[in-house]
Amino acid sequence: MTDTRKPAHLAPKAAESPGLRPLYRQVKELLSRRIADRVWQPGELIPSEHQIAAELGVSQGTVRKALDEMTAERLLTRRQGRGTFVARHDEARILFQFFKLAPDDGVAVFPESELRRVTKAPADADERRALGLDPGQRVIRIARLRSLAGKPVISEYLSLPERLFPGLGEAVAVENNLYDLFASRFGITVAGARERVKAVLSSPEDAELLGLESGAPVLAIDRIATAIDGAPVEWRRSLCRTDECSYVNTLR
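Under our numbering, read the sequence shown as residues 56 to 307, first letter to last.
Check each hint, because a few of them may be wrong.
To be verified - What follows is a list of derived Cβ distance ranges for each label pair: (1) Arg80 to Ala228: 36 to 46 Å; (2) Glu169 to Pro259: 14 to 24 Å; (3) Ala286 to Gly161: 34 to 44 Å; (4) Gly161 to Arg76: 41 to 51 Å; (5) Gly138 to Gly247: 17 to 27 Å.
None of these hints come from the bench; they were simulated from the model. Here the structure is a predicted model, which is why all the values come from computation and not from measurement. We put the CB at the ideal spot given by N, CA and C, even for glycine.
Can you make the complete structure from the sequences, with help from the hints?
Structural data, given as structure tokens:
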């Protein structure tokens, strides 16, 4: 049966149409906000469906539908016999959801990283457009080289809004698993990303880093990563050597 009750704290705003905002989506937004606000921490067991339903004054079926969507979006993870947990950005999750480059003759593994430089500056026009920044706002720029089995395969450039990641690259070290660092240290959970992929010719600098001749073709992956609320939090440009690797995307 469809749950038609609408508790006051979940009621749609006057400007919104109830028909466009099912109750389970209102519940999902409220629970997602608890993750974004770090009320529920990565790896933490969340209350049961029954407890959440009683707290919010909705049916257990409404809560289950909200949690199902959050699990499908990998914000939550269910463990048989143990309950539902806030998902962590561990290496296995990133390999499945975000890292798509795999060796042609082996299974996907989490890449190693060599930090090349970290700088801070006012965002340029491209960074402002990608990250939705205003003129004068600053970014953290990270350049690193990523390897599989000791062989450099990705020359990577990242731009991050400085206001979201205070101290990164100074008091806070740039770790290999950045998305786990974003969540655990800064309270920012990367929930999705939009990627554009195309073949380009390598620059002299990137070709040297990747062990290629200048102008050799590489796969360019342009990614804008977004937080739970849909706000852009990272712009990443990856130049990939693909003579022994492939971009693998599993469709479900």
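Against the structure, the hints:
At about 38 Å, the CB distance of Arg80 to Ala228 agrees with the hint of 36 to 46 Å. Evaluation of the 14 to 24 Å hint for Glu169 and Pro259 yields a pass: the beta carbon distance comes to about 19 Å. In this structure the hint that Ala286 and Gly161 lie 34 to 44 Å apart at CB holds, the actual value being about 36 Å. Between Gly161 and Arg76 the CB atoms are about 46 Å apart, so this pair conforms to the stated range of 41 to 51 Å.
Evaluation of the 17 to 27 Å hint for Gly138 and Gly247 yields a pass: the beta carbon distance comes to about 24 Å.
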